[in-house]
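Asker: So the sequences go chain by chain: A and B. For what it's worth, numbering that gives the first Met the number 0 labels the leading residue of the first sequence as 0, then goes sequentially. For what it's worth, numbering that gives the first Met the number 0 labels the leading residue of the second sequence as 0, then goes sequentially.
Among the hints, erroneous ones may be present.
Claimed, not checked - Capping the alpha-carbon separation at 30 Å, the derived lysine-lysine pairs in DSS-like fashion look like this:
1. B:Lys134 <-> A:Lys599
2. B:Lys134 <-> A:Lys772
3. B:Lys212 <-> A:Lys599
4. A:Lys599 <-> A:Lys240
Because the hints were derived from the structure by calculation, they are not lab data. Being a predicted model, the structure only gives us computed values, none of them experimental.
The residues making up each chain are set out below.
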Amino acid sequence: MKSKKTAIILILIVHLFSGSAVALQTDEKFTISGYVRDAESGESLIGVSVFDPVQSKGTVTNIYGFYSLSLSSAEYTIRFSFIGYKSQNVTILLNRNQTLDIELSTEVLQMDELVVSADKMDKNVTEVRMSTEKLNIQQVINMPALMGEVDVIRGVQLLPGIQSAGEGTTGVLVRGGSADQTLIQIDEATVFNPSHFMGFFSVFNPDAIKDLEIYKGGIPSKYGGRLSSIMDVRMKEGNKKKFGASGGIGLISSRLTVEAPIIKNKSSFIVSARRTYADLFAKLSPDTTINKNKLFFYDVNVKANYEINDRNNLFVSGYFGRDVFDFDDEFRLEWGNKTGTVRWNHLFSNRLFLNTTLLHSKFDYLIGIDSGAESFKWTSGLEETSGKLDFTFFANPNNQIDFGYSASYHKFTPAVISPSEGSLIGNYRIDDLFAIEHALYVGNEHKISDKWLVAYGVRYSLFQNFGPADIYTYQNGNDRVLSEITDTTRYSKREVIKTQGGIEPRVSARYQLNNTSSLKVSYNRTRQYLQLASNSSAGLPIDRWVPSDAYIKPQIGDQVALGYFKNWSDNKFETSIEGYYKNMKNQIDFKDGADLLFSKNIETEILSGKAWSYGIELLLKRNIGRTTGWIGYSISKTRRQVPGINGGRAYSPRYDRTHDISLVVSHELNELITFSGNWIFATGSAVSRPKGKYEFEGQSVAYYDALDRNGYRMPNYHRMDLSVTIQSKKNMNRRCKSSWNISIYNVYMKKNPWSIEYRDVINGDPNIDDTNKVVVQSREFKPVSTILFKLVPSITYNFKF
Amino acid sequence: MMKKIILFLGIACGLVSCLEVLELNHDNSDPVLVVEGLITDKPGPYTVRLSTTVSFNLSQRSNPVEDAIVTISDDLGNQEILNYVENGRYETTSMQGMIGRTYYLDVAYGGVNYKSQSTLLPVSAIDTLYSTFEKATRFIEGGYYLSIGAKSANPNLVNYFRWKVYEADSLYNGVNDIMVARDDYFEGEFVFQFGYPFEIGDTVKVEMYSLNKDAYDYYQGFVTILQSDGGLFSPPPVNAPSNISERVLGIFQACSVVSEEVIIAK
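The shape of chain A in the complex, shown without the other chains (with noise of 0.2 Å):
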């Protein structure tokens, strides 16, 4: 069944590539082929519209801004289109191939005008793309921050169907997947971790950013590598044209940006960097044991391209950010991120464009007790070094195929633990894990008529462990118990352990009802070898990464979707209606009381069972106008069945939530003052209750039924937050621009509770921890709940010249 599915996609590619190759030979074709960049800062724009509206034939910009139509002989008059954008047509006559850059300046708004631009606004509905979110950066700089830190992440939560795994967390759970099932990477590099300050705020500077895409299903076969999810994060390439800075100053952190051109047009760097600044107060105090604290993160984005001619465009870009946390000089606690990438888009002719990617990626963190007798330095980290080739040709107006390669070599260091002097503690180390992650793709988007588009390709992924290592057999190769090994394998250096692989099909079709509906369906298959060992809800830094092995089997993933979408008012209004069933097999959970951290035998803490999710996502969202924002609702069940956990019964993860509605509304005003707000509401978290309690030496512990896992809700989450932006009213006749921004979370002080434990509360006051400072008149046992936010103001100016 599974081969057959393959071989029709196979025929498929090979009767399109013959197909075109007849076409080309009786019907003279040329190309126009170039690239949309920003009038302004010559930034190249993504997913710009190009149109011819006479033959509706047409195209979109790639992520690099570059695009190609190839046309029968004629004068035609091209449209290029884009959100926020004035609109160009250009008429050229198509005898010869050319080239044609184009550059867009940006819409002015103006006061008493909508502006009402038709062209192609329609994408949502033409394209083939489905379950895919593209964030607006500038909606969420305007959204109301926390504590004025804004998180593009905090805005991604936002979209229906993905979810935080709890307030104060950046995971981003996708359509029923974990955290660690969704791809976060920034110009291509894996980020393993996007929290800073245990996931308070992303690793994302919004100043950095460009753009921001998400898949939630129907993911292109380039796309690899993680079961629900791809989180495809582009930074700013730098302006072309002029120098320009911009920055803010906020309550607990400040920003800087700066970008300039290298060689005017040519070539251009960014540099973006941002510190908070906490412990900076903590350092006036007199008190030497606060003052000698450290608490703070920082990062740094750097990008550099040059255009080294029509053909050829290298740009260089890095992350680097790291959070510290050092106690009196005694704990200290060290995470952080750091990638790298060089590509080089080339062009072999105006219709094969090739993006060549070098990317490495690094996680790691330190934990270290300085002095004593038990001072140690434990130290951690995953390292992603990998190159990759993405082809795409634009065969016709009517296929555009995209095929590629890519290796990944992964090298895991999950503990080394060395004393200091002095320290009795010993060495610790589990030994590094080293894995190579091949993949080979193709794809075709092929337009077969009006009213059927259709994109299919297929992607082969295969992973390979090898050594050096040491392999151990168990007695029950499926119940795996440390006491039971029965023999080891020394795997020598560079010896393949275990081979692991396989097909990911993947195939979308939208079928055009109208001029303003469509239907679109996808299904698509997704591998995923590499895996975070987290036994708690909320990720954290020292979550340890494994990879797939001889025990540990890749995860699978089988996602079908169906979506109806509809806009009205000239495009104003964007409707869908979208449904999915996810099918998730050797989903990895963890035996009770699973050391996850130490552990040199992983495979003995880990069971593996299968998933499911199915919902309806509903979007309403408006994009242009004064009043801009969206309403989301999705309604989703997810399940997970795991022999060895809940009597092998299913049972809901903690962030399966039933209902979850956003609203997210900005308006302006005038040029000078815009208003946001955004609504959240949420089912609240599945978790266990006890079913009794008990006493045990003298304590009171709550008894959960073992049998009941996560089988009841957390108290609904609501909440609503408010900011305003007032621009400076200087800033009309000056060339540099102020604004401050004023943000109220959690507006209506709605007691969301964080965490509910349940323990003795003294006297009725659940703040009191110490029994011997107080009387103790009644001591009862109960369910306290911990509330983070009640309500947070927060200011923020932000400057741009």
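Given chain A, put chain B in place with the hints provided.
Answerer: Showing chain B alone in chain A's frame:
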């Protein structure tokens, strides 16, 4: 620890987090037997306490079991039926725990025989017990911190142990006072510092118990559930794994004990 850091971060960022007692409806399961059984190498009598779980919203903390038949035997065939005393407690009369022997518990209750066993493992002597002064930081209170040092009882194996701390003969018995450890991250000897300070003049006694691995796992699970935040930063809450049966809570254990006393001085 993680939760502590996060709350600290919240406070450092100028946030006010707060605690609130909730009123939730709780379903209640049928009562489940709870066993607290301990036999040591010190002279008896040894106690086995039996109780059952109670409904969550009752003010009563536990429900003592008075009508069980409790028997302890050893691998030499010695056997004794325990006498009921009060509040669910059953006591031995003549039994003496010995290092190296395995002890068997049998509880006949409600028509079911619940059985368990535990081997009385040796524990090494306490080498050092001393206090050092630490200044107050955001994470720790200032004062005299007690450190305990000992050699591994059997350097070829992983040894598990537990400490109990008494000040002026009263046991520290809070949520954070259950301290168990294993010595495989140390090299033959270890030093452990207790997490709370004492004052000059305090008389502090420390007992060190040998544990079997199942007892160590039980206490690990017990501490995890006592300190659980409900699953956001801790694992999903599960009952500590009993060494008696899946449908029973608590543990039966045989331990050897050493103790040392110190008066805190400058």
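Asker: Each hint needs a verdict: does it hold in this structure or not?
Answerer: Consistency of the hints with the structure:
1. Distance check on the hinted pair: Lys134 (chain B) and Lys599 (chain A) sit about 37 Å apart at the alpha-carbon level, beyond 30 Å; violated.
2. For the hint linking Lys134 (chain B) to Lys772 (chain A), the alpha-carbon distance of about 21 Å falls within 30 Å, and the restraint holds.
3. Between Lys212 (chain B) and Lys599 (chain A) the alpha-carbon distance is near 18 Å, which keeps this suggested pair within the 30 Å criterion.
4. The straight-line distance between the Cα atoms of Lys599 (chain A) and Lys240 (chain A) is roughly 55 Å, outside the 30 Å bound, and the hint therefore fails.
Of the numbered hints listed earlier, those contradicted by the structure are 1, 4.
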